[in-house]
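Residue numbers (the numbering used here), protein chains in the order written: chain A, 41 to 154; chain B, 33 to 146.
Since the hints were derived computationally from the structure, they do not count as laboratory data.
These figures come from a predicted structure and were not determined experimentally.
Don't be surprised by glycine CBs; every beta carbon is placed ideally from N, CA and C.
Heads up, a few of these hints could be off.
What the hints assert, rightly or not - Covered stretches of chain A (chain B as the covering partner; in silico rule of three or more C-beta atoms under 8 Å from a C-beta of chain B):
hint, stretch
1, 79–85
2, 88–97
3, 143–149
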Amino acid sequence: DARVTQTPRHKVTEMGQEVTMRCQPILGHNTVFWYRQTMMQGLELLAYFRNRAPLDDSGMPKDRFSAEMPDATLATLKIQPSEPRDSAVYFCASGLRLEDNEQFFGPGTRLTVL
Amino acid sequence: AQSVAQPEDQVNVAEGNPLTVKCTYSVSGNPYLFWYVQYPNRGLQFLLKYITGDNLVKGSYGFEAEFNKSQTSFHLKKPSALVSDSALYFCAVRPSTGGFKTIFGAGTRLFVKA
Chain A
41 DARVTQTPRH KVTEMGQEVT MRCQPILGHN TVFWYRQTMM QGLELLAYFR
91 NRAPLDDSGM PKDRFSAEMP DATLATLKIQ PSEPRDSAVY FCASGLRLED
141 NEQFFGPGTR LTVL
Chain B
33 AQSVAQPEDQ VNVAEGNPLT VKCTYSVSGN PYLFWYVQYP NRGLQFLLKY
83 ITGDNLVKGS YGFEAEFNKS QTSFHLKKPS ALVSDSALYF CAVRPSTGGF
133 KTIFGAGTRL FVKA
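So that you can see chain A by itself, here it is in the shape it has in the complex (with noise of 0.2 Å):
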């Protein structure tokens, strides 16, 4: 059955270095969302993306996050340079439409900045 996939599912890294996750929408969904889980802050909406452009990145750091999609098949979120305080679980969600909000997650990268 079609699934939301993510690469890498375990990251470990040193601080400063870059770090780049990378998502599969399922096929034909036109929405993605890029979160990060953390036990002190929860699940957090970091961007999200329509067709291609993004609509919302206000949760995002703008000085290290970024969000691209180089075509509709492949998101990323890089971070560069990477801190400790980024160690948390990023899931990506797609979507058919906006509207409906009903996001199919994928089943996250787990990424700890040493």
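Model the placement of chain B on the given structure of chain A, informed by the hints.
Chain B only, in chain A's frame:
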């Protein structure tokens, strides 16, 4: 400010008993309301949503939720709990106007004992 509250960090129930997971919200205008479930090391899975219409919404795995506009609540319920229902449950709300940002509650952990 728009918000979602899940007043219980944890709910314990015996298998076969009914369960309720509470959610209240504060948004301007008419809300779109959702419940998601998260199993360990997995992404969130959509359970059900309320957009408009009947206040009682039925969803996946035998779950249902009741929208109460006067109490601004959207409690999740199931008549007979299963051990396999043990998971983390998130209530989410999106205002019907003013953007597509979904706000998630902090989550409620459900434990169902055999």
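Verification of the hints:
no.	hint	in the structure
1	79–85	holds (count 3)
2	88–97	holds (count 3)
3	143–149	holds (count 6)
Of the numbered hints listed earlier, not one is contradicted by the structure.
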